[in-house]
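Position chain Y relative to chain L; hints supplied.
The listed protein sequences derive, respectively, from chains L and Y. Using the numbering used here, you'd call the opening residue of the first sequence number 1 and step up by one each time. Using the numbering used here, you'd call the opening residue of the second sequence number 1 and step up by one each time.
Keep in mind that the hints are not guaranteed to be accurate.
[Unchecked claim] Distance condition first, Cα-Cα at most 25 Å in a straight line; then the derived SDA-like pairs of lysine to any residue:
{"no.": "1", "chain 1": "Y", "residue 1": "LYS81", "chain 2": "L", "residue 2": "PHE176"}
{"no.": "2", "chain 1": "L", "residue 1": "LYS153", "chain 2": "Y", "residue 2": "GLU76"}
{"no.": "3", "chain 1": "Y", "residue 1": "LYS122", "chain 2": "Y", "residue 2": "ASN462"}
{"no.": "4", "chain 1": "Y", "residue 1": "LYS297", "chain 2": "Y", "residue 2": "ASN287"}
{"no.": "5", "chain 1": "L", "residue 1": "LYS81", "chain 2": "Y", "residue 2": "PRO248"}
{"no.": "6", "chain 1": "L", "residue 1": "LYS232", "chain 2": "Y", "residue 2": "ARG245"}
{"no.": "7", "chain 1": "L", "residue 1": "LYS182", "chain 2": "Y", "residue 2": "PRO803"}
{"no.": "8", "chain 1": "Y", "residue 1": "LYS744", "chain 2": "L", "residue 2": "PHE86"}
{"no.": "9", "chain 1": "L", "residue 1": "LYS81", "chain 2": "Y", "residue 2": "ASN246"}
{"no.": "10", "chain 1": "Y", "residue 1": "LYS330", "chain 2": "L", "residue 2": "LYS182"}
{"no.": "11", "chain 1": "Y", "residue 1": "LYS707", "chain 2": "L", "residue 2": "PHE86"}
{"no.": "12", "chain 1": "Y", "residue 1": "LYS330", "chain 2": "L", "residue 2": "THR89"}
{"no.": "13", "chain 1": "Y", "residue 1": "LYS812", "chain 2": "L", "residue 2": "THR270"}
The hints are simulated quantities; they were obtained by calculation from the structure and are not laboratory data.
So you can see what is in the structure, the chains are spelled out below.
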Amino acid sequence: MTQTKTPNIDRRQLLGGTGAAVAGAVALTTSSGEAEAAAKAPRWAMVMDLRRCIGCRACTVACKAENDVSLGRFRTVVQEKTWGTFPTTKKGFLPIMCNHCEGNEKDKVPPCVKVCPEYPGERRKWPSPSGKKIRYRHGATYKRPDGLILIDKSLCIGCGKCIEACPYGVRSFDPFVKAGKKPTEQAADKCDMCTHRVENGVEPSCVNTCQGRARIFGDLNDPDSEVSKLVKEHNLKTPNNVLLHEEGTNPHVFYIDPDNVLKTIYKQRTKGKLDHFVDQIT
Amino acid sequence: MTNLDRRNFFKLAGASGAALATGTAGSQQALAGSLKIPSTEASGLDFSPTTGKQRQTIPSSCWQCVTRDAIVGHVEDGRLKKIEGHPDSIRTLGKICAKGQAGVNQVYFPDRILYPMQRVGKRGEHKWKRISWDAALDLIASKLKPLYDAGTPELFMYQYGRHKGSQSSIMHDFMDAFGSHTIGTHTSVCEGPKWVGQESLWGGMYDNWDYDNTDFVVNFGSNQFETHTNHIPTAQRLIRAMAERNVPLYTFDVRLSNTAAMSTEWVPINVGKDGLVMLSMVNVIMNEGLFRKDHFKYMRVSQDHKASVDDKIAAVKAHVAKFTPEFAEKESGVPADKIRDIARGFAKAKAACVISYRGTVMHFHGADQERAAMLLAAITNNLDRAGGRVMGVGAGWKHPKSEKAKVQKGLDIVNGFPGEAAFPTHQVSQQNLPMIKDGQNGRPKVYWASCNNMAFINGNNNEAEEVLKDENLIPFSISSNIVYDESSQYADIILPDVTYLERWDYEDMVSPTGVAEYYIRQPMIKPLGESKDQGEIFAGLAERIGFKLAYTTKEDFVRQSCNMTPGVKEAGGFEYMKKHGVWHDKNAKPNFGFFEAKVDVSGDNILLDGKTGVYWNWKKSGAKDEADAKAKGYLGTTNAKNGYVAQDIEGTPRLAYPPNTSFLKSGLLDFYSDNYASKGFPAFPTYTPTPEHQKMGKDDLHLTTYKVAVHTHSRTAHCKWLSEIKHDNPAWINSKTAAERNIKDGDPIKVASDIGEITTTAHVTEGIIPGIIAISHHMGRKHSGIYGSGKSSPISGGAAADPDAKNMWWKKHGSHPNSIIPNSSDPISGGQRWMDTVVRVSRA
Numbered sequence: 001m002t003q004t005k006t007p008n009i010d011r012r013q014l015l016g017g018t019g020a021a022v023a024g025a026v027a028l029t030t031s032s033g034e035a036e037a038a039a040k041a042p043r044w045a046m047v048m049d050l051r052r053c054i055g056c057r058a059c060t061v062a063c064k065a066e067n068d069v070s071l072g073r074f075r076t077v078v079q080e081k082t083w084g085t086f087p088t089t090k091k092g093f094l095p096i097m098c099n100h101c102e103g104n105e106k107d108k109v110p111p112c113v114k115v116c117p118e119y120p121g122e123r124r125k126w127p128s129p130s131g132k133k134i135r136y137r138h139g140a141t142y143k144r145p146d147g148l149i150l151i152d153k154s155l156c157i158g159c160g161k162c163i164e165a166c167p168y169g170v171r172s173f174d175p176f177v178k179a180g181k182k183p184t185e186q187a188a189d190k191c192d193m194c195t196h197r198v199e200n201g202v203e204p205s206c207v208n209t210c211q212g213r214a215r216i217f218g219d220l221n222d223p224d225s226e227v228s229k230l231v232k233e234h235n236l237k238t239p240n241n242v243l244l245h246e247e248g249t250n251p252h253v254f255y256i257d258p259d260n261v262l263k264t265i266y267k268q269r270t271k272g273k274l275d276h277f278v279d280q281i282t
Numbered sequence: 001m002t003n004l005d006r007r008n009f010f011k012l013a014g015a016s017g018a019a020l021a022t023g024t025a026g027s028q029q030a031l032a033g034s035l036k037i038p039s040t041e042a043s044g045l046d047f048s049p050t051t052g053k054q055r056q057t058i059p060s061s062c063w064q065c066v067t068r069d070a071i072v073g074h075v076e077d078g079r080l081k082k083i084e085g086h087p088d089s090i091r092t093l094g095k096i097c098a099k100g101q102a103g104v105n106q107v108y109f110p111d112r113i114l115y116p117m118q119r120v121g122k123r124g125e126h127k128w129k130r131i132s133w134d135a136a137l138d139l140i141a142s143k144l145k146p147l148y149d150a151g152t153p154e155l156f157m158y159q160y161g162r163h164k165g166s167q168s169s170i171m172h173d174f175m176d177a178f179g180s181h182t183i184g185t186h187t188s189v190c191e192g193p194k195w196v197g198q199e200s201l202w203g204g205m206y207d208n209w210d211y212d213n214t215d216f217v218v219n220f221g222s223n224q225f226e227t228h229t230n231h232i233p234t235a236q237r238l239i240r241a242m243a244e245r246n247v248p249l250y251t252f253d254v255r256l257s258n259t260a261a262m263s264t265e266w267v268p269i270n271v272g273k274d275g276l277v278m279l280s281m282v283n284v285i286m287n288e289g290l291f292r293k294d295h296f297k298y299m300r301v302s303q304d305h306k307a308s309v310d311d312k313i314a315a316v317k318a319h320v321a322k323f324t325p326e327f328a329e330k331e332s333g334v335p336a337d338k339i340r341d342i343a344r345g346f347a348k349a350k351a352a353c354v355i356s357y358r359g360t361v362m363h364f365h366g367a368d369q370e371r372a373a374m375l376l377a378a379i380t381n382n383l384d385r386a387g388g389r390v391m392g393v394g395a396g397w398k399h400p401k402s403e404k405a406k407v408q409k410g411l412d413i414v415n416g417f418p419g420e421a422a423f424p425t426h427q428v429s430q431q432n433l434p435m436i437k438d439g440q441n442g443r444p445k446v447y448w449a450s451c452n453n454m455a456f457i458n459g460n461n462n463e464a465e466e467v468l469k470d471e472n473l474i475p476f477s478i479s480s481n482i483v484y485d486e487s488s489q490y491a492d493i494i495l496p497d498v499t500y501l502e503r504w505d506y507e508d509m510v511s512p513t514g515v516a517e518y519y520i521r522q523p524m525i526k527p528l529g530e531s532k533d534q535g536e537i538f539a540g541l542a543e544r545i546g547f548k549l550a551y552t553t554k555e556d557f558v559r560q561s562c563n564m565t566p567g568v569k570e571a572g573g574f575e576y577m578k579k580h581g582v583w584h585d586k587n588a589k590p591n592f593g594f595f596e597a598k599v600d601v602s603g604d605n606i607l608l609d610g611k612t613g614v615y616w617n618w619k620k621s622g623a624k625d626e627a628d629a630k631a632k633g634y635l636g637t638t639n640a641k642n643g644y645v646a647q648d649i650e651g652t653p654r655l656a657y658p659p660n661t662s663f664l665k666s667g668l669l670d671f672y673s674d675n676y677a678s679k680g681f682p683a684f685p686t687y688t689p690t691p692e693h694q695k696m697g698k699d700d701l702h703l704t705t706y707k708v709a710v711h712t713h714s715r716t717a718h719c720k721w722l723s724e725i726k727h728d729n730p731a732w733i734n735s736k737t738a739a740e741r742n743i744k745d746g747d748p749i750k751v752a753s754d755i756g757e758i759t760t761t762a763h764v765t766e767g768i769i770p771g772i773i774a775i776s777h778h779m780g781r782k783h784s785g786i787y788g789s790g791k792s793s794p795i796s797g798g799a800a801a802d803p804d805a806k807n808m809w810w811k812k813h814g815s816h817p818n819s820i821i822p823n824s825s826d827p828i829s830g831g832q833r834w835m836d837t838v839v840r841v842s843r844a
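Okay, chain L solo, but in the shape it has when bound:
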């Protein structure tokens, strides 16, 4: 489906990691403009390869720096857990972040968007890379046609409903930014997949720094992308390869988990609290 090949085969081999190779593959689709995949919007997604996460927290800190995330909250964390009995003790790591959910089968609106009093707001058009304009409903929290769940802080009223509604508990108030429509309150905040980088052709900050190449970012609508290939190769579209499948949120962060440890490690939020989403090393 792509006419051009990246000039950079050696470099990709050098990086070797799946993440690098994938992103290169993604790059091909855009420039052609003729490719079938490019005619529709991308569907951004993240694959987390738990075989490769060594719990180093470079992603956690990279995100803090990139997005100036205040102390006391995070946009991504690594959960870790020790289990078993000495000497066959195990320990595992689980990077978590906003799942950029597709929403349930019925209305395809994720719970955080659904509860936003400012949604559905203005009708807007989003220009896809192929130049096609795709309609969507804006809001303080909204889903863009490329699948990213974003926050427009200028529209936020700081009600906190989205923070409560997210079953993953990945949202928090940003003490540095006022809610645009109600400046007595603070705006909600969460991972935006580094849209400011993605829109400029650069991978998210957490992906960039991941030495194990445990984080792979790309376009699920491009069958040649590394995320598409990994989803296929490892059969990741199953209830066992995402977090809280039972919530019906259709999350778009997929976990490669051959040892089946995801559910063992994952610590869910307690209602009304976010203490599962504070990165701590014992």
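Leaving out everything else, chain Y in the frame of chain L:
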């Protein structure tokens, strides 16, 4: 490993220095609202999340830890916002760790020292006044000049922690120009025994591992996935080898570190038994005939350097006969069958790596345990081969040199007390302050500590504080620092250092792939406040004392170095390095197997030494004449190693492993070491139990310490993003050991040794061997600013207050295990025995 396209694509050329215009990303620029597609080709760029503007990108290098990754910094409106790995680095492949990501915190933290400060109260009263740089330099010169003029330069002591690359060069250059050899380091508290063990074998190498080509990895006592002196270049290659090629990793450790957790298997091992298990693996490999003969001709395993390979095989078998897997199981707790399985896997693999680090060597006879690791690698032909334990290869910079002072002297206070260490080639720095206290070998009148917090990093650190506080012991004390800490609190003058993100350097940390990377550090922003690079300070002092240096500023030093270093010079020298940050020889290949090179020994003055089989040039060795050289022989001539030419290998002169440190050896891997034997230590690697461990009572526990992924030992506590993740250090204790003491998870506990007691909390876990308590050694800061110690420093640096400080939420700051660990050295190497302390643990 080279890629011209890639290098051209990466537009750092346009992004370097102050040259980059912000606002557009050229062809990468997206149409408003549309999406560009992510690509690694665009890495190295960053944009403001608030304005979308492209940030200015400057190549430089990290310094959070000694790995010193090549990085790029992204600057927005004059403020450093973000750091990433340099995408063109052949060492790091564009990756950095959590500490590297938090480098921004080193520049902007509310307690940063930004002006020269002079003490006005008593030492430790925390009373200071701001003075000008001129006043500071005048004052220091007024203390140094009399020493210089009187011909007693040795009374000026410089104590450093991490000075590497050009920072090390300018310091040695200044000290040589002044004439003082009283220079204290820190390697003996780090991993000195490892190097002393290796120097007796293959010389002054820095071992790394060729994970890209390995098939099997055995890890003793290294937490490589969290922390290592070459962490990013090695750890990422190891995890990828595991994920992509199913390479197994077996980690022997007392504790379930992240490395152990991610290993194919964590093999719990009792404290101090790594060398024994290695020797029992050698036993299995030798007895089962799984060894490879290839490297034996480069090994010396008995007094006879000419022994045949068969004789050597028999000798190794005899040496390790008693270290059966059953004996090793009894001592180490590792099942004999497990040892056999891993030994067989290791020996049968096409290529295999044996890792060893602090867990192995920071013990009694730690240097000998390192020799056991080398033996395991050598008998399986995994030494300096693709896929094996290899030499890290670093850059060979040239630099300008100032004229040396006529008088060159040093105080004998950096190598430990008389008789303490046989081969302190990496000093005995934990005893520097105790020796000053003792006074038998003299005391410095001026003490200058830079990048070294002696009162935190050594054992018995409370004693170190007492020495630093005492004006009778240290009459004048200077501290170069960015943060008020446990040591600088007792200084007479504090000089505001620049951070690594505000200064110039050339850098040279090794590459594990066998191809050296040359790289530089350059300021990403203008130094904050009046902070100043050590290079400028040295130049200012030299002028006041009355000698000249070969450079004017650090930038000048780095410029000259770039323009005189072969390779870098031809590539475009300083201007090229400013633009690109990194350079390597694209035609260079790994020099694996260099030791096999045949050497022409037909020149004049070359003798063949009968006792060692070394060909040596007696003239270059400084011997009086040929007769004298012949009479004294190679080992008996003081500077014989300067004349080393080749080693006789089965009748052929080959380069072998030349002596390239102060440790005199033949060209063979001296597994039988005359040097060790001559000092009463085992000539061949063996197992020597730690004396303290032989007389432990039934309630006694072992204390071990460790590092976590997000901190260096003593220089990151003030980094808020790191301390937010790790600010407390509860003691790991096995559930069984805890239950015996009625200790529950989270309980306050007392940990007492023979020299003191600390109170901490218990982390009851199945992730540690019963009978051991493990405490990370970063915490318990008395002073390290608000984020590190919970209290603001008494020196107001004038840095803009961090608006984030009000969001700081953690109240705990841990406790420091070093205060109950005595300063006690490995008698072979002088390394601090961090892992040998015996403690009693009870509920507080």
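Evaluated hints:
1. Y:LYS81 <-> L:PHE176: Roughly 16 Å separates the two Cα atoms, so the pair holds.
2. L:LYS153 <-> Y:GLU76: holds (22 Å)
3. Y:LYS122 <-> Y:ASN462: holds (18 Å)
4. Y:LYS297 <-> Y:ASN287: holds (19 Å)
5. L:LYS81 <-> Y:PRO248: Holds, at about 22 Å.
6. L:LYS232 <-> Y:ARG245: holds (20 Å)
7. L:LYS182 <-> Y:PRO803: holds (22 Å)
8. Y:LYS744 <-> L:PHE86: Roughly 17 Å between the alpha carbons, so the hint for LYS744 of chain Y and PHE86 of chain L holds.
9. L:LYS81 <-> Y:ASN246: With Cα atoms ~24 Å apart, LYS81 of chain L and ASN246 of chain Y stay inside 25 Å; holds.
10. Y:LYS330 <-> L:LYS182: violated (70 Å)
11. Y:LYS707 <-> L:PHE86: With a Cα-Cα distance of about 22 Å, the restraint between LYS707 of chain Y and PHE86 of chain L holds, given a limit of 25 Å.
12. Y:LYS330 <-> L:THR89: The hint holds at about 21 Å.
13. Y:LYS812 <-> L:THR270: holds (24 Å)
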